[in-house]
Each structure stands twice: as structure tokens, then as C-alpha cells.
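The task is to assemble the complex, starting from two chains supplied on their own in separate frames and drawing on the hints.
Quick note, the sequences are listed as chains A and B, same order.
Numbering of the first sequence is given in the working numbering, commencing with residue 1 and proceeding in unit increments.
Numbering of the second sequence is given in the working numbering, commencing with residue 1001 and proceeding in unit increments.
Don't read these hints as lab results, they were simulated from the structure.
Virtual Cβ for every residue (Gly too), placed ideally from N, Cα, C.
There may be inaccurate statements among the hints.
[Claimed, not checked] Calculated from the model, a selection of chain B residues having no Cβ within reach of chain A, i.e. all distances over 10 Å: (1) 1070; (2) 1208; (3) 1412.
[Claimed, not checked] Here are the simulated distance ranges between beta carbons: (4) B:1246 - A:207: 48 to 54 Å; (5) B:1041 - A:169: 46 to 52 Å; (6) B:1201 - A:169: 14 to 20 Å; (7) A:169 - B:1033: 25 to 31 Å; (8) A:197 - B:1201: 30 to 36 Å.
[As the list claims (entries may be wrong)] Every beta carbon over 10 Å from chain A, so not counted as near; a handful from chain B, in silico: (9) 1064; (10) 1292; (11) 1357.
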Amino acid sequence: MPATKLSKAATQDHASRIFDLDVSSLRELNQALHNLAPGSNETAWEVLHPKGSHSVAVGVDQPVSIDVRGSVGYYCGGMNSGSTITVHGSAGPGVGENMMSGSIIVKGDASQYAGATGKGGLLVIEGNASSRCGISMKGIDIVVHGNIGHMSAFMAQSGNLVVLGDAGDALGDSIYEARLFVRGKVDSLGADCIAKEMRPEHLELLQGLLDRAGITGVKPSEFKRYGSARTLYNFNIDNADAY
Amino acid sequence: MTYRNPPTTPRKSATFDDYTLSEIRRAAATGIYDIRGAGAKRKLPHFDDLLFLGASISRYPLEGYRERCDTSVVLGSRHAKKPIELKIPITIAGMSFGSLSGPAKEALGRGATLSGTSTTTGDGGMTEEERGHSKQLVYQYLPSRYGMNLRDLRRADAIEVVVGQGAKPGGGGMLLGQKISDRVAEMRTLPKGIDQRSASRHPDWTGPDDLEIKILELREITDWEKPIYVKVGGARPYYDTALAVKAGADVVVVDGMQGGTAATQEVFIENVGQPTLACIRPAVQALQDLGMHRKVQLIVSGGIRNGADVAKALALGVDAVSIGTAALVALGDNDPRWEAEYNKLGTTAGAYDDWHEGRDPAGITTQDPELMKRVDPVAAGRRLANYLKVMTLEAQTIARACGKNSLHNLEPEDLVALTIEAAAMAGVPLAGTNWIPGKNGF
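Isolated chain B (complex conformation) (with noise of 0.2 Å):
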């Protein structure tokens, strides 16, 4: 009889696990890096690491479904005639045409407006689906300014100057040519077919000094009418926040590294920024220094999902959230109806991000003609909206509990970190302590 060692139990390594294994055999047979949409997927601190303390005897809890707590708030009110007036304070981030098919834009246009809320353009111009159905436009001003014309710059509400995103601060964008339809090439005066490459960087200005001059020009343009928001991407949060209300920003915008994009490379997003999470405390305390929290507002993006995030982003000091993946998800994004034909994909619902490919199941990061009739604007704009309601009774609801009266009443005392990362991102104490790391810096 022979002896024989008994065998191991295989084992992987963490390091090369095995969407890495994938990763590197893919990058090995194409030569080039993986390119898709959608933000962040790592798992980073988030919103789901803080706590609210709920009021008992030391704070006195409003009656819930009986007492008030308003969600308005008011955007823009710094320099423009004309500020941004939103029943609830959670705005649709811009997305592109092009990225986006019209009945999605329209969509989203028919959902905000039902919630009393604004839309956003993206980086291919304004679309009649959805300024037509948008009562509250944000015109967004990018480095490729795709359509951009003083016609729909005037017919704006708001205008956008985008300087980065959070999936990609630092980054241009890359449409490819299978998702440039006539209309797309049209609008974006290039030839069908071609990928479409954006700038990183606005052609006509650099630094902050040019943007405070860019911005004079765009007030000059609009007759100071429309409130002038600046979005950033979350990387350097304190200091882009500052430089854009010394520029003369009503609106800074911070895009956290959740946020989504269209088509930007793996390595980027997941490698690039800071999570929103880490991005709002720097924001607010830019603000706070300048003496201009609350004059100029501040909206966080980038991973926000539902009432409790927006409860704690608006707790930390944010004036308004904006969110972009979810409300593709409430349109029908990832649906697993269409499980099907994502497995044909070589994906499944809930993880299909090649957005840039235009075959999108569910017919809304699509150019396609036969898919785009998969969105019933009228149907999806009903469930962005109801959404919407949803998220904001959570706020209101958690609201109540701490005692507030208006969901902008959350403050930090209000909330706990689970880890010392959250406690020291977000300033706020850990868990049974009154330690918050970091206090005295950041």
C-alpha cells in the first residue's frame, strides 16, 4: 500500500482574481483597453457607512405624515434674474444625446417635470424631446460644445459649464462610431460612423482666471438672466470648489468617482477620483471659508441611490443631489426582462455597461431605430417620477425623526460613521465616540 499526500484545495490569489485573469486575456487578444459605460463598479465608502441618530429625548422627532418638512430649494440665486426654483432637491444629471436615445431624453424629461425637478443636457446639444418636455433645462457647456448655438443657450434655464466629470476628471470622452447615427453626426457636425473624440479641456480657456471671463461672457450672452452652475469632477474638491466660486459660480457642481459615463476607459473610471462620500466635506468647508454656504449652492453626484443618500449628502451640507445611473435603472436600464438578450451579450441584467456599443436591450443607450421603440416616454417618465417620490418621502421620513422641519435643517450632528474611513471622509463621529478622525485637517 502506498502513502499519498492528500491534495490541497485549489486556490486563486486575490490579487489575480478572476475578472482580472479575464481582464488581462482580454487585453492580450484585442491590444486595447476595455472602453464602457457606468461608473465606479469597486467597492468604495459610501453613504451606506454612515448612520442617522434618530430623535428620542435629547432631540424631539416631528410627527411623521403629519408635520411639514420641506424639500424645496432654490439654485442659482447669486447673480442670475432668473434662479432655478426645484420642489425637491434631487435634480437628472446630464446625460448626452447620442449616449442616450430621444425617447430616453424625453423620458427623463416627462419624469422630472411631473416631480417638480430639472433635467440636464449632455454632451451633444439640446434635443426637442427634451426641452419640450423639460420645464426646468440645464444646458450643459462642454469642451466639445457639440450644438452648442445661442438659440438653445438662450433657451436654457440654466447653463452648465462642465469642466470634469466623476467617472473621468481629467478625461474627454469617446463616442464610437457605431452609435453615430445622422442625427447624432448632425448635430455634432461630423462625419456617420466615425468615433467621436471630446476634448478634455475647453479649447478657449484655461485656468480659473479665463473661466471668471467665460462666465462674464455667458452672463453677457444671456442678459444675466440664468443662474451659471460649474460641475467638477471629485478630485480635488476643496480647491476646484473655491476656484469656482472665485470664477463666479451660482452652482458648483461635484461629480463623485460613483458617477456614471457613456463610454470612458475601465481604467479610468475605477482609478481616477474620489468617492463622493470623500468629496462633500472638502465642498461644504470651501464654501464655509469663502462665507458663501448657501449663497452658492452645491450638488453632489456620483452613486446616489435613494432617500437616505440624499438625507446624508443634504446632512453634510449639500444643497441638492443629482443622479444619473439610477434614473436610467428606474427607466428600465438593466432590466432583467431583457435577460435574454443581455446573456447573448455575454452579460446579464445588472452588469451590462457597454453602453458605447449602441445594442442596448433595454433601448436606452441606444441609437437604434427598432430597440429605441422598446421606451414608452410616457410609461418610463411615470416610473423616473415615481422614483423620485420615493426618494424623497425617505428623506422626509428620516428627516422627521431627527427633528427637522425641512430636509436642508440635516446637519452633521445628526449623523455617525460605522468606520473610521466614513467618520474621517465625512467628519462626523464614529459609532459610540466622539472621535472623528481627522478633525483638525484633511
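Isolated chain A, as found in the complex (with noise of 0.2 Å):
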């Protein structure tokens, strides 16, 4: 599968900052990074050690780049507005969840709810992701090389899902204005998903998505497109069996 290569958020005039978690504690970390005043030139970050810890640099709110080297545990990046943040191994659940602006990308597999109810950025997961990806998701684009497990955007309102690989079942169940696309097999498709056609404006927005992702030797084209039906909108009786 094709690397993400995103432009770093952060300029690289000076030296990573680095913590070990090895010698420093999670707190340490996330207070520094929380510390980070507007215009600050410690722009680099670099995390050693994660070992799966939960809720590494979460709620940061400056634009830097992070580098974690390793995997980490649940909630990694949550919250994010405005860093980029990039995982150099696998995430575990709700990586990136809530991300409010900025980026992460996870060169390896993401584990369930990755993205949940996110409002903005980009997340690139270069692996798998588990089941619920994107669930609730409020804006945030979600680029997945893999494939992505059942009840994936479930009763997402609204921004991307782009997934190179498959979907497993109950695709978009509930969903309301986010757009899916998908480019290999659907096992199924949830409660008022349907598929819907690529009209031009959609393979644009794709490609600019794509190319946010960094993905190069995929065309749009081979990519079906996926909604909201809404007709689950406004509740009908004649509707009841899709509850």
C-alpha cells in the first residue's frame, strides 16, 4: 500500500523535543504539549517508548508535529485541534477521536471507533481499521488503505469516509449526511445506506482527498460512492421495520 506523505504542519528549523515514556510520565507529556503557548518554536515533537499507553497527546491545541514511535493504546490524538500527529506503529481504540482540526496518520492498523464522532482534520490510517470506523462522525475525514470492520459510520452526520480496501457488514447504518467512498466489496449495507452515483463534483472532492492522503496510482474512478437514502429523516410508521 502507498505511504502517506503529508506536509508537516510544523517547520523544522529546530531540534525535536523528545519524551520517553519510558523515563517521563504520560502527564509529563500531555502537560508539555498542553503547555505550548500561540507562536511557540517548539514545533517537533518526538514520543519514545509508548508501549500501548492510552491517551497519548491528547487535546493538543498548537500546530506542531508529533512523531510517536511505537503503538499506542486508546485515545491517541483525541481532540486534536490543529497538530499533526503521526502513530509509526498501530492505535488502539477511538484513535483520533473528536479531532476538532489537524491530522493523524497511523502507518499501521487502527483498532475499533477510530475517528469516532471526529469534527474535523484528517486521519489516515496506512493498515486496517476495526469495526466502527467513523462512527458518529461530525466532519472529520477518515482515509483508511485497508479495510474497515462492521457498523462503520454508523449514524455519521456528516464529512469523508474513503476506504481503499473492503467494508464489512451494515455499512453507514442510520447515516445522515457524511459521504462514503468505498473502492473494493461492501459485505452490507446498514439501515437507509445506499449506494449513489459518482457525478463529477464527487470524483473531484475524492481526488482532493486522496491527495491530501498522500495516495498516488489510485484513480477515483474505481471508487463507488455511498449515503443517506433520508428516509429515515422524519419518523413514518410505514418506516418501522428499518428501527
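As C-alpha cells, then:
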């Protein structure tokens, strides 16, 4: 699979500030990130030996780059606002949950709920994502190089989910206005989710997403688009079987 | 002359009473269950079934109006760097912007601040009206995450992870399309005019072990400054309280089935959960069994109406109570001054509960700009402050009569029950006896 090459939000004029979680605590890392003032010169951060720690680099609200050298546990980059976080390993459940802006790149796989309730920014998963990827997404863009599990994009409200591989069962169940683009096969669609026409504006949108995720050699025309049939937007007793 | 049998008096069924018959007809006509706001309306065992034992010889009362009776309480002292300090043990429960109008949220903030207590957001995000006028604001972290953002999370004074609600333990929400104004739609990232379904469970965690990690994340995001509350619907209060404590909660909120809702199925409101009275003793017992009573604070809500209810809840071991429906009534909800308009809606003042329709004549549970103008946030806030003051004075009066110089010194020994049911639920003796039904279990 093509590796993601994002333009760094932060300049590399200064040496990285290194936090070794074998030596420093998670609290010290997050507090140092939260203490960053706007315009700080400490724009490049490196986290060593995360060893599956939960809540690594959560609540960061400055445009810095953070390279995490290893795999992380739950909620890495939770509520991220503006930073660029790269996980050089795999991520546990809820990576990038409720992200506001910025970007998160996972070089390995991601567990459940990747990008859950995300409001903005870009989440790229170079491996596979598990179930409920993009659940209740609210404006985030998610690009998965591999496959995604069942119930992904459940109640997805807005934003875009791009999957280069396959999708599991019940994709987009109870979806609202989010757009789903899947290149491979879909095991099944959830309630109120239907395949939709790929119009020129969607091809253009998808090309932009692939470009932002640094993906080359893949054409938007290889994808199918899925979205809401909008039959559940206002309750109607004749649709009761769908609930 | 013919003999006629005397006619019998028409007799209606107790099972198929007038309300039940009307519900069957309504269901047959519409094909959908009834959705409404407010809490359970059926008669339930409640605080009215308990009585205080004022002091005589065996106990010594305090002088009313002369001797001090403390009402203050600190919430969130377990882990948070900045616990919540309240002047009174009565807080304003979470009610969403969207369900309530902006002026109503502002009035809640004004009234609470005047009284030295906190307000709580709801399933719709934080509004400037509420943040700007609430000295202490609890920010609810709900399954829907409508409007959830980093800035508001850090502007909050405490965070309440909502796992359940008394009116609908295990249920999600449904804000019907007619209440979705441009502003509400924008805050919730959904198109205007569609029904907004709220999930019944958090999308990114399942179970108490995940909750523990979620709480850790919230603490890390907010630098361990803010108390983390966990709110559960009153269904299994012993185990839910114990698991919330295990997950690291600073404060546990248990909402009994008299607790209100913006819009939920009537059948759910009236048939799921346990009465508030029945929830308190198991929740307190869980804290005591864990050695965490008074270390993790307990807030109970659901049908709290007056100072006697406050005093009784505290006597049973609660640290503070929350009010929702009563606060709305204090602002002006269901006020008889709007009787003619309630009649046009097919109801009467005191019974209006179609809050989801957005046509509230009082301007409180609506997004209609014209109706909203009927709420004067300053005057309504003053009314709420008056009401909170009365509740506090009432509770103090009772506490002094029981010889207590703090509301939190009230204890189960100060209470008896009028009914066997209430005695069993509250764990206090039936009046005139020393019998506590089910003392060795619940």
C-alpha cells in the first residue's frame, strides 16, 4: 500500500523535543503539550516507547508535529486541534476521537471507533481499521488504505470516509449527510444507506482527499459512493421495520 | 303495570380507565407511540412517604433562625485539582439547549449563580447564554457528542459523563424536526428540520473498563483540574455506582425514574427504571461498601420538589440533589397565566408535556423566536433563585429541628416511613415500629 506523505504543518527549523515514556510520565508529556503557547518554537515533538499507553497526545491545540515511535493504546490524539500526529505503529480504540482539526496518520492498523465523532481534520490509517470506523463522524475526513470492520460510519453525520479496501457489514447504518467512498466490496449496507451516483463533483472531492492523504496511483473512478437514502430523517410508521 | 329492573350505575374499568382508553384510540389513529417530555406521572413511592423525627428529650434541637446550619458542599475532591464548591446542596440538572430556549438557559445560569450553585449543559452543547451567566457550569459528555469541542471542555468547571438518564435508562433521545432551528442544527452538525436521534450508548467505549480509560483521557485533556461526574439512570444503582467509582468518578449522579426528559416514549418514561427513593439506599450502600462514602460524592435527582425532599435525600446519605423539572416550573413552565393557550393545544396548565413540539406557550421548551421572548432571563433567574432559597431554608428548618448544625449531619436515624414499601426502599423503620423490612438485603 502507498505510504502517506503529508506536508508537515510545523517547520523543522528546530530539533525535536523528545519525550521518552520509559523515563517521563504520560502526564508530563500531555502537560508539556498543553503548555505550548501560540507561536512557540517547539514545533517538532517525538514520543519514544509509548508501549500501548492510553491517551497519548490528547487535547493538543497548537500546530505542532508529533511523531510517536511505536504503538499506542486508546484515544491517541483525542480531540486534536491543529496538530499533526504520526503513529509509527498501530493504534488502539478511539484514535483521533472527536478530532477538531489537524491530522493523524497511523502507519499500522487501528482498532475500533477510529475517528469517532470527529468534527474536522484528517485521519489516515495506512493499515486496516476495525469495527465502527468513523462512527457518528461529524465533519472529519478519514482515509483507510486497507479494510474497515462492521458498523462503520454508523450514524455518520457529515465528513468523508474513504476506504481503499473492503467494508464489513452494515456500512453506514442510519447515516445522515456523510459521504462514504469504498474501492473494494461492501459486505452489506446498513439501514437507510444506499449506493449513489459518482458525479463529477464527487470524483473531484475524492481526488482531493486522496491527494491530501498522499495517495498516488489510485483513481477516484475505482470507488463507489454510498450515502443516505434520507428515508429515516423524519419518523414515519411505515418505516418502522428499519428501526 | 310492568316491572322494570332498576338500572345499574355505569361502571368503568379500573384497568381500562379513561386515560388508557384514550391512549389505545390515539395509537390506533396514528400508528406511533406517544412521545412526550417530563418524567413519570404515575404515583410512585416517594419522599412524601418519609417523615422526620423532630427532637424532644432524646434529641436536642437547634434554635431556629439563631443557630447556624451549614448548607455548603464540595463536589469532586477525590482527584480534581479544582473541586466544585457550592453554597447549597441543590444543583441544576442537565437540560439541553435545543430542548430549552436560549433565554431559559440564561435564566437557569442567572438563578444558579445568585444562589451559589451550578448549572449543567445538556445534549446540545454549551451556549454563551449559559456559560456567560453560570459561575459554575458542568459540561455534559453525552453519547451524541453534539457540539462537543476542546474549547468548551476546558471552559467547563466540571465534566459529567452521561451514561444514563432517569426517565429512560438505556434509551436514546429523539428531538423532532420541528424544534431544529438553524442554530440548533449548526450546533449539532445536522440538517435543519430532521429528527435528531441521540444514541443510547457512547460510540467509543463499552463497559466499565473502557469508561475508566475514557475518564483518564478526559482528565489528561483537562490537566486533572476538573471533577469528573458519572451520571446513571436509576435502574441498578448499587452496581452502577460501584462501577462508576471503580472507573474513577469523582462524583456519581443517580437519576431516579421521576427525572425528566425532553422527548421520550411515554411507555418508556412510565415503565423503565426505579423510583428515586428506591435508588438512594443501594447507591449509598455501594459507596459505604467501598469505603468511599463522602469521598466520592453522590448526587441524586428525579422529582425533587421542596426542602423536605432535599433534607430527606441528604439524611439517607446523599451529598447533593439536582433539580430539572422543578427549576423549569420556577422559571414559569406550565404557568396558569398561559391557560388559554394550553387549552388551544388540547391540554391545561400543569399537564403540558409536549415539549418536543416546540410550541411551549411559556417560551421555555421551544426555539420559536416569538415564544422565547416571553422569558425574561433576569426576572426568571430571580424566580429560580427565590425558589432555591426557599428550598434551602426549608431544609435548614428541618435539620435544626433534628438538632443538626449542617444539612449533611442529617442521618437515617432522623427518619421513619409511613408505608412498608417506603420503609423497605429507604431502609428506615416503619413509623411506630423498629421494623426495617429487608434490612439484611435489597
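Here is what the structure says about each hint:
no., hint, verdict
1, 1070, "holds (35 Å)"
2, 1208, "holds (14 Å)"
3, 1412, "holds (40 Å)"
4, B:1246 - A:207: 48 to 54 Å, "holds (49 Å)"
5, B:1041 - A:169: 46 to 52 Å, "violated (41 Å)"
6, B:1201 - A:169: 14 to 20 Å, "holds (19 Å)"
7, A:169 - B:1033: 25 to 31 Å, "holds (29 Å)"
8, A:197 - B:1201: 30 to 36 Å, "holds (34 Å)"
9, 1064, "holds (50 Å)"
10, 1292, "holds (23 Å)"
11, 1357, "holds (13 Å)"
Of the numbered hints listed earlier, the single one contradicted by the structure is hint 5.
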